[in-house]
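Visitor: Going down the list, the protein sequences come from chains A and B. Last residue of the first sequence? That's 249 in the numbering used here, and every number before it is there in order. Last residue of the second sequence? That's 381 in the numbering used here, and every number before it is there in order.
Warning: the hint list may mix true and false statements.
If you only want the chain A side, here are some residues facing chain B, beta carbon under 8 Å, derived [what the hints assert, rightly or not]: (1) Cys62; (2) Met64; (3) Ala88; (4) Gly89; (5) Pro96; (6) Gln100; (7) Phe102; (8) Pro103; (9) Ile105; (10) Gly114; (11) Trp116; (12) Arg119.
If you're looking for bench data, these hints aren't it; they were derived computationally from the structure. Beta carbons: idealized from backbone N, C-alpha and C, even for Gly.
The chain contents come next:
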Amino acid sequence: MLLQVEDLNVVLGGLQILQGVSFCVNEGELVVVVGSNGAGKSTTLRSICGMNPIVSGSVIFEGKDITGHSSSECAGMGLCMVPEGRQLFPEISVRENLLMGAWHYRKNKARVMENLEKCYDMFPVLKKYENRIASTFSGGEQQMISIARGLMSEPKIMMIDEMSLGLAPLIIEQLFRTIKDLNKSGMSILLIEQNARQALAIADRAYVMENGTVTMEGTGQELLNNEQVKTAYLGF
Amino acid sequence: MRSVKWTKRNSIYLAVLLALAAFLIYLPIGGSRRNINIGILVFIYIALGQSWNLLSGMSGLFSIAHALFYGIGAYGMSLMLARAGSNPLVGLLVGIGANLLVALIVGMVGSKLSGLYFTMALIGIHSIFYTLAGQLTITGGWLGISLPREWQLTRKELYIIALAIAVFMTVLFQVIRSSRIGTMFVALKENPQLAASLGSDIRKWRILAVLISATMASVVGSFYAIYMMAHNAEVFNGTVSLRIMMVCMVGGVGHIFGPWVGSALIIMDEYIRGAMPTEFASLSVVIYALVLIVMALLRPQGIMGSKIFQPKEVDVRAIENLDAREKTE
Numbered sequence: 014m015l016l017q018v019e020d021l022n023v024v025l026g027g028l029q030i031l032q033g034v035s036f037c038v039n040e041g042e043l044v045v046v047v048g049s050n051g052a053g054k055s056t057t058l059r060s061i062c063g064m065n066p067i068v069s070g071s072v073i074f075e076g077k078d079i080t081g082h083s084s085s086e087c088a089g090m091g092l093c094m095v096p097e098g099r100q101l102f103p104e105i106s107v108r109e110n111l112l113m114g115a116w117h118y119r120k121n122k123a124r125v126m127e128n129l130e131k132c133y134d135m136f137p138v139l140k141k142y143e144n145r146i147a148s149t150f151s152g153g154e155q156q157m158i159s160i161a162r163g164l165m166s167e168p169k170i171m172m173i174d175e176m177s178l179g180l181a182p183l184i185i186e187q188l189f190r191t192i193k194d195l196n197k198s199g200m201s202i203l204l205i206e207q208n209a210r211q212a213l214a215i216a217d218r219a220y221v222m223e224n225g226t227v228t229m230e231g232t233g234q235e236l237l238n239n240e241q242v243k244t245a246y247l248g249f
Numbered sequence: 053m054r055s056v057k058w059t060k061r062n063s064i065y066l067a068v069l070l071a072l073a074a075f076l077i078y079l080p081i082g083g084s085r086r087n088i089n090i091g092i093l094v095f096i097y098i099a100l101g102q103s104w105n106l107l108s109g110m111s112g113l114f115s116i117a118h119a120l121f122y123g124i125g126a127y128g129m130s131l132m133l134a135r136a137g138s139n140p141l142v143g144l145l146v147g148i149g150a151n152l153l154v155a156l157i158v159g160m161v162g163s164k165l166s167g168l169y170f171t172m173a174l175i176g177i178h179s180i181f182y183t184l185a186g187q188l189t190i191t192g193g194w195l196g197i198s199l200p201r202e203w204q205l206t207r208k209e210l211y212i213i214a215l216a217i218a219v220f221m222t223v224l225f226q227v228i229r230s231s232r233i234g235t236m237f238v239a240l241k242e243n244p245q246l247a248a249s250l251g252s253d254i255r256k257w258r259i260l261a262v263l264i265s266a267t268m269a270s271v272v273g274s275f276y277a278i279y280m281m282a283h284n285a286e287v288f289n290g291t292v293s294l295r296i297m298m299v300c301m302v303g304g305v306g307h308i309f310g311p312w313v314g315s316a317l318i319i320m321d322e323y324i325r326g327a328m329p330t331e332f333a334s335l336s337v338v339i340y341a342l343v344l345i346v347m348a349l350l351r352p353q354g355i356m357g358s359k360i361f362q363p364k365e366v367d368v369r370a371i372e373n374l375d376a377r378e379k380t381e
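Just chain A, with the same shape it has in the complex (with noise of 0.2 Å):
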C-alpha cells in the first residue's frame, strides 16, 4: 500500500472538519475522492500534506508515517500536491514556475532538464511559450502549468485537488485524459473532484465523501451505477 490514511481527525477553527476519515491509495492506482461543497475533501488532501494541523490519525506513505511532517518535507519524499484553483506564481515565466517544482533535487541539471523536456512533450504548449509570465495564460493552461510542475517533483504519488474547477468541458476532458495516461504510465494518483461524473469514470477505485467523513467506497463504476450517488451527485 503507497498511502494509507487512518482514522484522521482534524479541528481548524474550532469546527471538527474531518471525523475520522479513512481510505488508501495502492501502488499504480488512480482513485477518486468524490464529495459536495464541505464535506473535507481538499482538508484532507492538506492535512496529508502537512498544510493543517492533525488533531488524531495517522497518515502512512510507503509504510512510514509522516503523520506532522511539514509540508516541505513531504515535498521532498515523493507526495506532490497538485492545489485547488492552479496556484501558479504568477509574475514568473512558465519556465521559472516548472523550475520551482523540481526544487529539492535542483542541483542535479541534468535531472531537472530530463524532467523538464518530458513535461514539455506532455504539454506542448508550455514550451511555446515558456518565457511567458504565468498570469497572462488561460485557466486550462494554467492548470496544465499546475500539474506539469507537480511532475517536476518527481513524485510516487500525485494528489489533485479540482482539477476541473471552472474550465471549458473540451479542456476538462482533454486534462481527465492526461490524467487517464499519467495513470497508465505507472503513476499513482489521487483525484479529489466535484466533477463526479467523469471522475468516476477513469477511477479504479472510488471515495465518497460526506460531512467530514467517507460514506461509500467501491469501483468508479460500482458508484457510477449506484443510486444513491446518482441522486446525489450525478443529478438523474
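Starting from the known structure of chain A, arrange chain B on it as the hints suggest.
Guide: Leaving out everything else, chain B in the frame of chain A:
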C-alpha cells in the same frame, strides 16, 4: 539560456542609456560642485533603492526601516576609522559583519512573522540602534563622529565610486533576479505557502533575502561615512527609510530601473530645497507626501511599473488564431 530578440524598443533603451552615460561622464568634469554632490546623493539612493527593491520588491518582506542597515554600515566604517584607527577596507567589512548579525536576527524574526508583524519587529530593532547611536559615548552621541582627514577623497573620486556602487548594485539585482535564488524570492512574495509545499524551506530563504539586502545597504552606508567625513545618529533617521521607499515606489517596486527613475525625486527635492527660503526648507517632506499621494492616485504601480515599460505581452488570441489558420491551410 534565453534568447533576446533585438527590437525597436531595445534601440530606444540603448539610446536612453547612452545619453544617460554621456551625462554621467560630463557631470564630474563640467558640473558644479553642488551638482556633483547631488549626483553622489542620487547614486547613494539608487544603490539603497536596489537593496530595498530586493527585500521588499522581490521577496515581499516590507522593510519600513531600511535605514537600520544603512546606518550600521556607516557606523561600522566611522567607528573603525575614527576609534580603532584602521583602514576603510576593515571598516567596510566590519560594517558588513555587524549588518549580517543584525540581519540574521531580523531574518529569523521575519521568517516567523510576516506582514505587519515583521514590519513592527523591524521598527523595534531599528529604534534600539537609533537610540544607542544617539546615546553612547563611543558613537559620539548626537554630536556625531568625524573621520580622520587622511581618508578624505576628492569630489570626483567620490562621484566615480558612488556611480560604481549604484551600477554594481543594479547589476547585482538583475543577476539575482535571473538566477534561481531570484525565482525563489519572487515565489516567496507571491505565495509562500505554495513555495513551502513544493519543498523549499521558506524560512531559510527569507533570512537569505534579508542578509543580501542588508549587505547591499551596508556598503552604501560605509561609503556615505567616507563621503561625509562626519555623521551622527541621523543616518538612522526615518527620513532615510522614507526616501528609500519613495525612490522605489515612485520608480516602480520590483523593477530593476525603478530606483534609477525614482531617484529623480532626490534631484527635485534638492533643488526645491535650495530654492526655498531657509525657514521653509524642512517642508520638503511635504513635497514627498504630495508626490506619494499623486502617484497613488495616478500610477500606483510606479513609473517603470506602467504598461508602457513592461515587457510586451504576446497577444494570446492572435497566436491561437494564427495556429488555427496554419492548420486549416
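Visitor: Hint by hint, say whether it matches the structure.
Guide: Hint-by-hint comparison with the structure:
no.	hint	result
1	Cys62	holds, 6 Å
2	Met64	holds, 7 Å
3	Ala88	holds, 3 Å
4	Gly89	holds, 5 Å
5	Pro96	holds, 7 Å
6	Gln100	holds, 5 Å
7	Phe102	holds, 5 Å
8	Pro103	holds, 6 Å
9	Ile105	holds, 5 Å
10	Gly114	holds, 6 Å
11	Trp116	holds, 5 Å
12	Arg119	holds, 7 Å
Hint compliance for this structure: every hint is met.
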